[in-house]
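Generate coordinates for the entire structure from the input sequences, incorporating the hints supplied.
Taken in order, these protein sequences are the chains called Z and D. Okay, so the first sequence: first residue is 1 according to our numbering, each after it adds one. Okay, so the second sequence: first residue is 1 according to our numbering, each after it adds one.
Simulated from the structure, these hints should not be mistaken for laboratory data. Every residue, glycine too, gets a C-beta built ideally from N, C-alpha and C. One or more hints might be untrue.
What the hints assert, rightly or not - Simulated restraints on C-beta separations:
1. Z:D46 x D:E38: 37 to 43 Å
2. D:A12 x Z:R34: 41 to 47 Å
3. D:T71 x Z:L188: 23 to 29 Å
4. D:A18 x Z:A107: 18 to 24 Å
5. Z:E22 x D:S42: 56 to 62 Å
6. D:T71 x Z:D46: 38 to 44 Å
7. D:R29 x Z:A123: 36 to 42 Å
8. Z:D72 x D:E73: 15 to 21 Å
Unchecked claim - No more than 27 Å apart at the CA atoms, straight line, and that leaves these computed lysine-lysine pairs for BS3-like:
9. D:K66 x D:K45
10. D:K45 x Z:K135
11. D:K45 x D:K58
12. D:K58 x Z:K135
13. D:K66 x Z:K2
14. Z:K136 x D:K66
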Amino acid sequence: MKLPGDRGPVSSALGALLTNPEPAAEPDLIRILRDTAARAIRDTDDILLDEDLQSALYAAYELRYGGLTGVDDAWEWNADVLALCAAIESRFEQALRDRVPMPPLPAPGVDTVAAALFELTGADTGPSVSRYLAKKATDEQAREFLIHRSVYQLKEADPHSWAIPRLRGRAKAALVEIQADEYGGGRLAHMHSELFARTMRGLGLDDTPGGYVDMVPAIVLASSNMMTMFGTQRRLRGAIAGHLAAFEMTSSLPNRQYGNGFRRLGYDQSVTFYFDEHVEADAVHEQIAARDLAGGLTEDEPGLVEDVVFGASACLFVDSLAGAALLTAWTAGESALRGGTLEPTVALEPAGALS
Amino acid sequence: MTEQAGTSGGDATVSITACPNGPLLVRGRFEILAPAGEVIPSRRKTVALCRCGISTLKPFCDGSHKAVGFTTEPEAPTGQPA
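Printed below as a string of structure tokens:
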């Protein structure tokens with residue numbers, strides 16, 4: 001994808017370093033990046049809503065996925081870029097550990113952990129974007145919804161795939177079974193990210209990966225960044241398993257509503273198939289994810305119960321904030337997009353609140 | 001969800017996993033037939049079959065059992081009759 005636009009000093013310094021053509025300037029650019037990042041991480045009011053830090057982390061993480069246009073892939077494993085990620089991650093994870101509500105922990109095991117996860121996800125009282133889509137959303141709001149979701153859904157399943165080599169036994173087999181279905185079971189046209197791209201095209205949107213990253217608020221980037229943070233660190237394998245379980249367990253029923261919303265707006269099956277497919281697929285996945293993946297992992301590694309529950313609850317917590325960003329804007333009669341334009345917005349405050 | 005069925009997914013044997021308070025997961029080489037005998041196409045290797053009766057995608061599960069509080073386990077002795 002293209003390099004995200006600047007949202008403050010850190011994302012600006014990272015962009016300058018990654019696109020710098022002059023080797024002699026590199027030490028200075030690295031120093032600027034390190035200093036601005038240290039200051040921003042120290043001073044941020046709320047790292048989940050920090051436009052600059054979440055944007056910088058998203059850009060650095062993208063080097064681990066499809067890469068950044070015009071940026072040498074070697075930056076992925078550059079020590080200074082990795083140090084930037086680690087510094088932001090440290091504050092980000094701490095904020096999540098401090099704020100994500102933790103229910104009483106179940107005993108390790110398939111039945112106990114699955115029951116606890118079904119209770120946790122069933123009690124989710126977050127704002128309902130799906131009901132709004134089904135009943136009220138305008139065509140423009142439906143487009144904004146797809147733009148927000150595109151940040152993750154154009155690479156749907158990828159962040160959880162990092163966990164495959166970190167697991168073993170029953171949990172690994174379960175994750176592979178889910179992911180194989182996410183990737184279309186070998187059929188490109190059925191790959192969920194491809195289905196989402198088709199839905200975007202059906203509403204006249206650009207399906208280029210990262211095409212709308214500059215238009216979404218920090219919390220949407222944070223939602224995606226959290227998955228990459230959990231997925232790419234072995235020590236957080238419990239959290240990424242819990243995250244996937246909660247994600248799948250809160251998917252079937254909302255996706256039916258989304259599909260109904262797009263049907264209400266007059267779209268045909270080429271647009272709604274993505275959502276209809278998820279109603280059926282995630283009714284399968286949630287059972288496998290709760291029992292064999294999350295539960296099976298705690299049977300294998302009982303010490304991971306807390307992180308499994310943390311990852312699940314973090315999924316609900318952050319996605320409810322991301323949903324609130326849509327609903328707050330819409331109920332106020334405003335756009336949920338930053339700036340309302342494709343042009344990168346510059347000169348934002350580094351710790352800017354949700355616009 | 002039995003241990004050996006868990007996620008084996010082998011094609012030779014069909015396994016049916018009864019998920020507590022949820023659907024039946026079916027893995028293996030199987031066909032689902034409509035009453036007149038025609039094959040109901042399946043989009044995936046592992047399917048979840050409705051057993052709460054509420055699904056809008058029958059015979060497949062759509063997660064509705066959670067919304068209606070469907071239970072497959074006997075009620076606890078102190079609970080209300082099912």
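Hints, one by one, checked against the model:
1. Range check, D46 (chain Z) to E38 (chain D): about 57 Å between beta-carbon atoms, so the 37 to 43 Å window is missed.
2. Roughly 58 Å separates the CB atoms of A12 (chain D) and R34 (chain Z), a value that falls outside the hinted 41 to 47 Å.
3. The hint said 23 to 29 Å for the Cβ distance between T71 (chain D) and L188 (chain Z), and at roughly 40 Å that hint is violated.
4. Roughly 22 Å separates the CB atoms of A18 (chain D) and A107 (chain Z), a value that falls within the hinted 18 to 24 Å.
5. Between E22 (chain Z) and S42 (chain D) the Cβ separation comes to about 58 Å, which falls inside the hinted range of 56 to 62 Å.
6. The hinted range of 38 to 44 Å is satisfied by T71 (chain D) and D46 (chain Z), whose Cβ atoms lie roughly 41 Å apart.
7. For the hinted restraint 36 to 42 Å between R29 (chain D) and A123 (chain Z), the CB-CB distance of approximately 39 Å keeps it satisfied.
8. A beta carbon spacing of about 57 Å between D72 (chain Z) and E73 (chain D) contradicts the range 15 to 21 Å that was offered as a hint.
9. Distance hint between K66 (chain D) and K45 (chain D) is fulfilled; the C-alpha atoms sit about 23 Å from each other, no more than 27 Å.
10. Proposed proximity of K45 (chain D) and K135 (chain Z) is contradicted: the alpha carbons are some 34 Å apart, above 27 Å.
11. The straight-line distance between the Cα atoms of K45 (chain D) and K58 (chain D) is roughly 17 Å, inside the 27 Å bound, and the hint therefore holds.
12. Under the criterion of a C-alpha separation no larger than 27 Å, the hint pairing K58 (chain D) with K135 (chain Z) is consistent with the structure, at around 24 Å.
13. Using a Cα cut-off of 27 Å, the hinted pair K66 (chain D) and K2 (chain Z) is violated, with the two alpha carbons roughly 41 Å apart.
14. For a cut-off of 27 Å, the pair hint linking K136 (chain Z) to K66 (chain D) stands: about 25 Å separates their Cα positions.
Violated hints, in rising order: 1, 2, 3, 8, 10, 13; the structure is consistent with all others.
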